[in-house]
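Below, each chain spelled out in residue letters.
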Amino acid sequence: SQELEQSPQSLIVQEGKNLTINCTSSKTLYGLYWYKQKYGEGLIFLMMLQKGGEEKSHEKITAKLDEKKQQSSLHITASQPSHAGIYLCGADADGGATNKLIFGTGTLLAVQP
Amino acid sequence: NAGVTQTPKFQVLKTGQSMTLQCAQDMNHEYMSWYRQDPGMGLRLIHYSVGAGITDQGEVPNGYNVSRSTTEDFPLRLLSAAPSQTSVYFCASSATYSGNTIYFGEGSWLTVV
Numbered sequence: 001s002q003e004l005e006q007s008p009q010s011l012i013v014q015e016g017k018n019l020t021i022n023c024t025s026s027k028t029l030y031g032l033y034w035y036k037q038k039y040g041e042g043l044i045f046l047m048m049l050q051k052g053g054e055e056k057s058h059e060k061i062t063a064k065l066d067e068k069k070q071q072s073s074l075h076i077t078a079s080q081p082s083h084a085g086i087y088l089c090g091a092d093a094d095g096g097a098t099n100k101l102i103f104g105t106g107t108l109l110a111v112q113p
Numbered sequence: 001n002a003g004v005t006q007t008p009k010f011q012v013l014k015t016g017q018s019m020t021l022q023c024a025q026d027m028n029h030e031y032m033s034w035y036r037q038d039p040g041m042g043l044r045l046i047h048y049s050v051g052a053g054i055t056d057q058g059e060v061p062n063g064y065n066v067s068r069s070t071t072e073d074f075p076l077r078l079l080s081a082a083p084s085q086t087s088v089y090f091c092a093s094s095a096t097y098s099g100n101t102i103y104f105g106e107g108s109w110l111t112v113v
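Residue numbers (the working numbering), protein chains in the order written: chain A, 1 to 113; chain B, 1 to 113.
Any given hint might turn out to be false.
[Stated by the list, open to error] Chain A side only, calculated, beta carbon under 7 Å to chain B, not exhaustive:
no.	residue
1	E41
2	G42
3	L43
4	N99
5	T105
Read the hints as simulated data drawn from the structure, not as lab findings.
These numbers come from a predicted model, not from an experiment.
Beta carbons are placed, not taken as given, at the ideal position from N, Cα and C, and that holds for glycine.
Make the full structure from the sequences, and use the hints.
Here it is in structure tokens:
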């Protein structure tokens, strides 16, 4: 079965610094989702990537799916306290582009003012 | 926009009791699913539905029942609650079975004592 590993598990950065979170799959990724979760709240959709080499940006967050489609990275530029939370990557569990997702265990991000 | 609405947000049950977690979406989405989130294990798929009248099992279905009598609603029933079912439950929906943004509800915190 497919597994997703996120690194690092937790991250503390100073406000204004850049950071990268990685999501590595044991199998080829056909649809990779990034979500953000704040404690006690639901999951907020950030981006979905499907094509090898695809890169998407929203405000100061950029996500990329590598050419081999087994790893995705999420990059935050000039971090702000509002970026703090848990970042989750999710991918199709059946090896196809379905919405039955498996998730990584998350990366906890803290941003120090 | 309501999006995906879950009720209740918090619930405490005694072992052996039954209850239903409600999930409703107002986006006319065909695909709906339930996940549970546990520390260190990420989100795991319990059950999913690709349309009214159609449901199927996910990764961890034991102890849970679902039905989908309408497009809008996808309730999750705990038949006889056990402490192992203490978790945070998330309902999700998307327009189709694959390749579309998946929207999550805000979660239901369940404690079984």
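Q) Which numbered conditions among the earlier hints are violated in the structure presented, ordered from lowest to highest? A) none
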